[in-house]
Amino acid sequence: MCLAIPAKIISIQDKEAVIEIGGIRREASLWLTPEAKVGDYVLLHTGFAIAVLDEDEARETLELIEAVARAGEEEENEERSEVKRSE
Amino acid sequence: MKFVDEFQRSDLVKGLVRHICDNSHKKVRFMEFCGGHTIAILKYGIRQLLPPNIEMLSGPGCPVCVTDNADIDKAIALAAVPGVILTTFGDMLKVPGSRGSLQEAKANGADVRIAYSTIDALAIARENPERLVVFLGVGFETTAPTIATSVLMAEQERITNYYVLSLNKLCPPVIKALLDSGEVKLNGLICPGHVSAVIGSEPWEFIARDYGIPCVVSGFEPLDILQCVDMLVAQVESGRSEVEIAYKRGVTLAGNKQAIALMDRVFEPGEAIWRGIGDVANSGLKIRAEYSRFDAERHFEIKPGETIHPAGCICGDILRGIKTPSDCKLYKTVCTPERPVGPCMVSAEGSCAAYYLYGEGR
Numbered sequence: 001m002c003l004a005i006p007a008k009i010i011s012i013q014d015k016e017a018v019i020e021i022g023g024i025r026r027e028a029s030l031w032l033t034p035e036a037k038v039g040d041y042v043l044l045h046t047g048f049a050i051a052v053l054d055e056d057e058a059r060e061t062l063e064l065i066e067a068v069a070r071a072g073e074e075e076e077n078e079e080r081s082e083v084k085r086s087e
Numbered sequence: 088m089k090f091v092d093e094f095q096r097s098d099l100v101k102g103l104v105r106h107i108c109d110n111s112h113k114k115v116r117f118m119e120f121c122g123g124h125t126i127a128i129l130k131y132g133i134r135q136l137l138p139p140n141i142e143m144l145s146g147p148g149c150p151v152c153v154t155d156n157a158d159i160d161k162a163i164a165l166a167a168v169p170g171v172i173l174t175t176f177g178d179m180l181k182v183p184g185s186r187g188s189l190q191e192a193k194a195n196g197a198d199v200r201i202a203y204s205t206i207d208a209l210a211i212a213r214e215n216p217e218r219l220v221v222f223l224g225v226g227f228e229t230t231a232p233t234i235a236t237s238v239l240m241a242e243q244e245r246i247t248n249y250y251v252l253s254l255n256k257l258c259p260p261v262i263k264a265l266l267d268s269g270e271v272k273l274n275g276l277i278c279p280g281h282v283s284a285v286i287g288s289e290p291w292e293f294i295a296r297d298y299g300i301p302c303v304v305s306g307f308e309p310l311d312i313l314q315c316v317d318m319l320v321a322q323v324e325s326g327r328s329e330v331e332i333a334y335k336r337g338v339t340l341a342g343n344k345q346a347i348a349l350m351d352r353v354f355e356p357g358e359a360i361w362r363g364i365g366d367v368a369n370s371g372l373k374i375r376a377e378y379s380r381f382d383a384e385r386h387f388e389i390k391p392g393e394t395i396h397p398a399g400c401i402c403g404d405i406l407r408g409i410k411t412p413s414d415c416k417l418y419k420t421v422c423t424p425e426r427p428v429g430p431c432m433v434s435a436e437g438s439c440a441a442y443y444l445y446g447e448g449r
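Just so you know, the protein sequences line up as chains A and B, in that order. If you're matching positions, the first sequence starts at 1 in the working numbering and goes up one per residue. If you're matching positions, the second sequence starts at 88 in the working numbering and goes up one per residue.
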């Protein structure tokens, strides 16, 4: 029920916005995110934008995940080469 | 889709899983509070990807599931009042109360309508000035600000035929009640992402501080959840218990101040009944006296009759995390999504429905 999906703001008039999700446009309320601007991505929940998504944070999170995932892969590769050596 | 696809990359899933497997040594039990997380975990098969020493447990974070029969009966009784149009999110329609569901009430002539948003409910009120339009306010902190906003909009537009039956609930108090009961021992909590988008990560601090349980706020894509588990593992293995955010693109420490302010303006904390858990002090949201003219509970005299709970249904135990759907004798036999006995099989994010749809996991 707390489902919220990222939506891009196309235009704003007062506290109402037109937003786009996967090519579909509809209206959304900006009562809860008055700071939202055209071009921003917001979390849309039951017709309301409940948060403005932070692109910089998204990029940093992905970089962090990439680094951790790489560390995981390297550990796997090391183990593989150790197994080969012991064979 | 931006902010979605990037967090579903399978190459990164593989690396993250490997990292978790290599670094997780202690036997642990993590709970995902939120029903949205339960769905994502089962849908993406995350339980099967994790090492056997990590047990995942589903919590009571489904507003539909925790709505007690007594409250569903109230909504049905309200729908029967002459002149009333009862508007509700679609998820509530099929939930069985003591003597039938809202859907059955509708079939028997009550005017029950699905609203995607409180904005739709307000539109129905505008279009039907001679009718009394009640919105069934079910939801957590994610949804409560949208319901508060509808009351403020109605006030601003002088709409006089709009009412809210507030069954809204707050998450931190129920987690406290769950932990205080001592029934469930947890080594980590996956905190709800969209509740936290509103209230921030700060309200979870007491769990890490007073109960020594690591907390990480998570998003809903596979990489979000795996990153969250990886962070919980890191805390457990190093003996830390802190609140961290694995969903920084949408969640901050302080949350959405505007949403919190609007919620506080219209609502105040009060007692709420949670299915399976009972009365939890200050875990509900009641409409403040200043806005009492919008309060369905004050405006209508509701006599729902005696509350009856279905025999054999263990939704309550499942919501407390002490049983799983497979422990229920009714699961998949008498109780199915087509003919649900309990709410956990009705709601798309109920544990029983998620197990039914995606398999039991491990």
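Source of the hints: derived by calculation from the structure; they are not laboratory data. Do not take every clue at face value.
Per label pair, the in silico range of CB-to-CB distance [what the hints assert, rightly or not]:
hint, chain 1, residue 1, chain 2, residue 2, range
1, B, R200, A, A71, 38 to 44 Å
2, B, Y298, A, R70, 44 to 50 Å
3, A, E16, B, D404, 41 to 47 Å
4, A, V38, B, D92, 50 to 56 Å
Below are the DSS-like pairs computed for lysine-lysine, each with C-alpha atoms no more than 27 Å apart in a straight line [as the list claims (entries may be wrong)]:
hint, chain 1, residue 1, chain 2, residue 2
5, A, K15, B, K89
6, B, K335, A, K15
7, B, K335, A, K37
8, B, K130, B, K344
9, B, K272, A, K37
10, B, K181, B, K390
11, B, K181, B, K335
12, A, K15, B, K373
13, B, K373, B, K263
14, B, K89, B, K263
Some chain B residues well away from chain A (every beta-carbon gap over 10 Å; in silico) [stated by the list, open to error]:
hint, residue
15, E93
16, G102
17, G123
18, L136
19, E142
20, Y203
21, T230
22, M240
23, E242
24, K263
25, R296
26, G326
27, R336
28, P397
29, D404
Fair warning: this is a prediction, and the values are worked out from it, not measured in the lab. The C-beta atom is built at its ideal place from N, Cα and C for all residues, glycine as well.
Taking the hints in turn, this is what the structure says about them:
no.	hint	in the structure
1	R200/B / A71/A: 38 to 44 Å	violated (53 Å)
2	Y298/B / R70/A: 44 to 50 Å	violated (34 Å)
3	E16/A / D404/B: 41 to 47 Å	holds (44 Å)
4	V38/A / D92/B: 50 to 56 Å	violated (23 Å)
5	K15/A / K89/B	holds (24 Å)
6	K335/B / K15/A	holds (25 Å)
7	K335/B / K37/A	holds (19 Å)
8	K130/B / K344/B	violated (33 Å)
9	K272/B / K37/A	violated (44 Å)
10	K181/B / K390/B	holds (21 Å)
11	K181/B / K335/B	violated (35 Å)
12	K15/A / K373/B	holds (26 Å)
13	K373/B / K263/B	holds (20 Å)
14	K89/B / K263/B	violated (36 Å)
15	E93	violated (6 Å)
16	G102	violated (3 Å)
17	G123	violated (6 Å)
18	L136	holds (12 Å)
19	E142	holds (21 Å)
20	Y203	violated (6 Å)
21	T230	violated (6 Å)
22	M240	violated (8 Å)
23	E242	holds (13 Å)
24	K263	holds (19 Å)
25	R296	holds (25 Å)
26	G326	holds (20 Å)
27	R336	violated (4 Å)
28	P397	holds (21 Å)
29	D404	holds (21 Å)
Comparing the model with each numbered hint stated earlier shows that hints 1, 2, 4, 8, 9, 11, 14, 15, 16, 17, 20, 21, 22, 27 do not hold.
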